[in-house]
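Chemist: Quick mapping for you: the protein sequence lines, in order, are chains A and B. 611 is the number that the numbering used here gives the last residue of the first sequence; the numbers go up by one with no jumps. 377 is the number that the numbering used here gives the last residue of the second sequence; the numbers go up by one with no jumps.
Calculated from the structure, these hints are not laboratory results. If you're wondering where the values come from, they're calculated on a predicted model, not measured in any experiment. Heads up, some of the hints might be wrong.
Stretch by stretch, here's where chain B covers chain A in the computed footprint (C-beta under 8 angstroms, at least three residues) [said to hold, decoys possible]:
hint	stretch
1	201-214
2	503-517
3	525-539
Idealized CB from N, CA, C, for every residue including glycine.
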Amino acid sequence: MSSTFLGFNVASRAMEASQATINVTGNNIANINTEGYSRQRVDINAITSGGGIQKYATPQLSTGLGAKAVGTTQMRDPFLDARYRSQNAEASQYDKMITGLSDLENIFDEAQTDGLQTELSNFISTLQTFSETPTSADIAQVTRTEAQKVTQIMNMYANQIKDVRKQQVDDLTVVVSNDINAAVKSIADLNDKIRTEEIYGNTPNDLYDQRNSLIDELSGIANIKVNRMPEKISADITVDRLSISLVDKNTGNSIGLVDNDLYNTIKLTDTGDKVVLSSLNPAFVPNGTGIDSDDITNLFSDGSVKGYLNLINGEGAFADPADPADPSVEENDSKGIPYYQKTMDIFASKFADVFNKINSIVDPADPASKPLFTSSDGTAVTAANIQVSQAWLDDPSYINTTNNPPDPTDLIDPEGTPGSADNVLRMINALTVDQDFKKDSDSETTFFNGTFNEYMTGLLGDVAMDVELNTNFASTSKNVLDTISTSRESVSGVSLNEEGTNLMAYQKVYNAAIRYFNVLDENLNTIINTMGQ
Amino acid sequence: MDNTMRITYKMMTSKYTTNLNNMSTELDRLNTQVASGRKFAKTSDDTSSAIKAYQIRRDMSKLEGYQNNIGHASDFLTNSETNLDDINQTVSDATVKILQGKNGTQSPDTRKVIANELRVMQDQMLDTLNSSVSDSYIFGGSNTAEKPFTVEAGKLFYNKVDVDSLADGSAELKKLATDSLYVDVGLGMSFDAAGVVNKNSVFNYSTPGINIVGNGKTADGGSNNLYNLLGEIATEFESDNYSSDKVDKLLGLFQTASSKSNQVTTEIGSKTNYLNFMTDRYDAQELNLQTRQTEVEGIDAAYTYIAFQTQKVAYQAALQMGSSIIQSSVFDYMS
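Work out the full structure, taking the sequences as your base and the hints as a guide.
Modeler: Take a look at the structure:
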C-alpha cells in the first residue's frame, strides 16, 4: 500500500523539475551571444518505486514516483572540437602569412608607386643621355645623382625588410608570452579547479566552457593535440585528466604543454638571423618524443606561430638541404624575410661588382681599382650598406666614360678622346643584358639569370605569388573552418525557437503539476472531511 | 534519423555578418577599380598581369631612351648639315671671287682687294669648321672638347695633325676619318670579344672634319685642302709675279676638294632619313605598347561599372532581407 502523501511528493518533484528546466532555458537565452557558451539541457530521470521485495507480500500496482532533475549536461561534440582545432591551426597559419608577406610585398611593390625597377630604368635613361655628351659636367652630376637614387632605394628596401622583421619578432614575442604561456597556465589552473569540482560530484559547465574557449584559442596559435584520460579517484568517482601536447604532424615528434595542473613554458630567443623557441620546463622534456634538445622550433608545424616562423626564419632557396637524421635542425625553406634579405644582398653585390669592373676597365690587372659603388663600412657590399663611392662623390667625372684615359696630347686616338662614350655604352649594356646571379660569392650555382631589372621583377613576382597563394589557401581553409564551426554551432548553439517552445511547454507542465496537486488536495479533503458522513 | 541541422540564432547572425563582409569587400574592390581605372592596386591582386605590366613599362622606358638618343643625333646632324651648307656657300662665293680676280682686265690693286676678301672667307671657313653645339665641337670626331681645326704658320691642322701630312690611304687618316660618336638607338648594342663596341650595333652621328676639307698633298707637293688652297690663291693674287695659269691650276684643285663636302652633305642626308624612319617605327611601337599597357593595367570601364551596380543591388537586397530574418523567432508570436 502506497503512502497517502506519496502523490504530493510526485507533484512537488514535477514542479521542481519544470522549474529547473525553465531556469536552464532562461540561462540559455541569457547566454545566446556568449562566446564559447554551450547550450545546456536538464537531465530528468523517471523515479521508479523499488525496494518492495518482501517474501510474503502480494505484488502491488507500481505507479512510479514521478520525475527528478538530476543535473545539467552541455551539448558538445568532442569530435567536432578536434576537427575545429586542427583546422583553426591551418587557417591561422595562412592568415599570419598573408599579413607578413603583404608587408614585404608593400616594400617592393611598384604597381602604383615607383621603386627600384623604375629607378633602374631611369638610371639607364640617364646613362643614355650621358652617352650623348660624356664631356658635359652637369650631366655627369645628374648621372651620379641617379646612381645615388638607385643605391638609396636599395638601402631603403633593406631597412624596411629589417623593420618588418622587428615587427614580426615583437609580435611573436607577445604571442609566445601571452597567447601560449599565459594560456597554458590558465588551462592548468582550470584543470585543477574542474578536477576538484568533479570529485565533489559537481558538473562545472561554465568552467568547461572557459577551458574549451582557451583551448580553441590555443589551437589557432599552435598545432596542439588534446588528450583526455579517465582517472579513477575512488570506486564510484572517475574524472577526466586533460593534457595538451604540441605534436608535429609531419614527424610525430611532440612535447607536453599541459598535463592536468602542470604546464610548460616556451622561451623565445632572437639570434638576429633567426628565432629559436625552446622548452623552459625540463620536466616536460621526457614527456615529449623525438626531442633531444630544448630547441623545439621545428615542432611548430601549424598555427600562427608557424606563420611567424616561416616569415622570420624562412630562407627559401638558401635553406640548407634537410638532414633526415636530425629533423630538429632542418632550416625553414619558406620564402621569408631572410630569403628576401639575401636576394637583395646578391643584387646589390652584383650591381656594385659589374659597375666597378666597367669603371676600372682601364687597368684590367686591378678589377676594382676605380670603384663606383662601395659599402659604407668597408665590409662586403650588401643592400643595406651599398653607396656611391667617396671618390665618385668627391668628383662627378670619376665615372670613366671611355676605355682609355683621355690624353689631351694624343687626339689622334679616337678611343682616347673624351668625346667617345664607349664605357657609358658598356654600362648601358650591362644593365640591359642578362647577368648571371650566383647564390653567393664562392658558389657556382646560378640563382637567377636575367637583367637587373628582371631580377627585381622576379623578386616582386615571388612575394606577390606567395601572397596570392596564401590568400587562396586561407580562403579554402576558412571555408572548411566555417563549415566545422557551423556544425559545432548546430550542436552547441542556442536556438530561440527551441528555447521559446521549451519555455511554453514547461510552463504548461508546471501548471499541470499544480493542477495535479489540487486534485490530490481535493481528494484528501474529501477523505478527511466528508468520508463517512 | 532526420539529418536537418539545428539552425541557431548565432549561426544566422554570424553567417549574415560573414556574407555582408564578403559583399562589401567585393563592392570595395569594384569601387576602387572604377575610381582608379586600374585592374590591380598591388602586384598580388593579379601577379601575372602585373609582371606583364612591368615588362611593358621597361620596354616603354627603353623606347624613350632610344627616342631621346635619336633626337640628340638628329639635332647634331641637322647642325652639321647647316654648317656644311655654310662651308659650301663660302666655297661657291670664293669661286666667284677667284674667277672675278682671274679675269685679265683686273688691275693688281683690285686683285689685292679680292685676295683680302678671300682671306676673310678663309677665316669664315675656319670658324664654321670649329662651330660647336652646347659646348661640343661638331666636326672634331670624338674630340668634342677642343677646337678640331687650328692654323699654324698658315697651314691647317686637324686634331693637332698637319692636314698636309695625312696622305690618302695612310693609317692615321683612316683613324681620323672613321672616328665616331655613338649612341644606342636600339640596334641591339653589342661588344666584340675584346670589349670594343660593335659598330653596326650602334648609331654613328659624327662627321669628322677631315672628310670635308680634303687632305694630303698633290702630285707636285702642294696642299690639297680647301683652307690651304684658298690661302695659296690669295697669295698668288697678291704676288707681283701673278700667274693666271697657276691660279687656274689651284682653282681646279680647290673645286675638286670642294666636291668632298658635297658628298658629306649627301651622307648626312641619308643618315637623317634613317633616323626619321627609326623615329616613325618607335612611335608606332610606343603606340602598341600604350595599347597593351591599357589592356593589361586598365579596366574595362563598362564591364566593371555594371559589375559594381549588380553587386550594389545584391548588397542592398541582403541588407533588407537580413533585418527581417534576424528579428523573428517564436518569441515574437508568444502571448
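Chemist: Which of the listed hints are broken here?
Modeler: Per hint list: zero violations.
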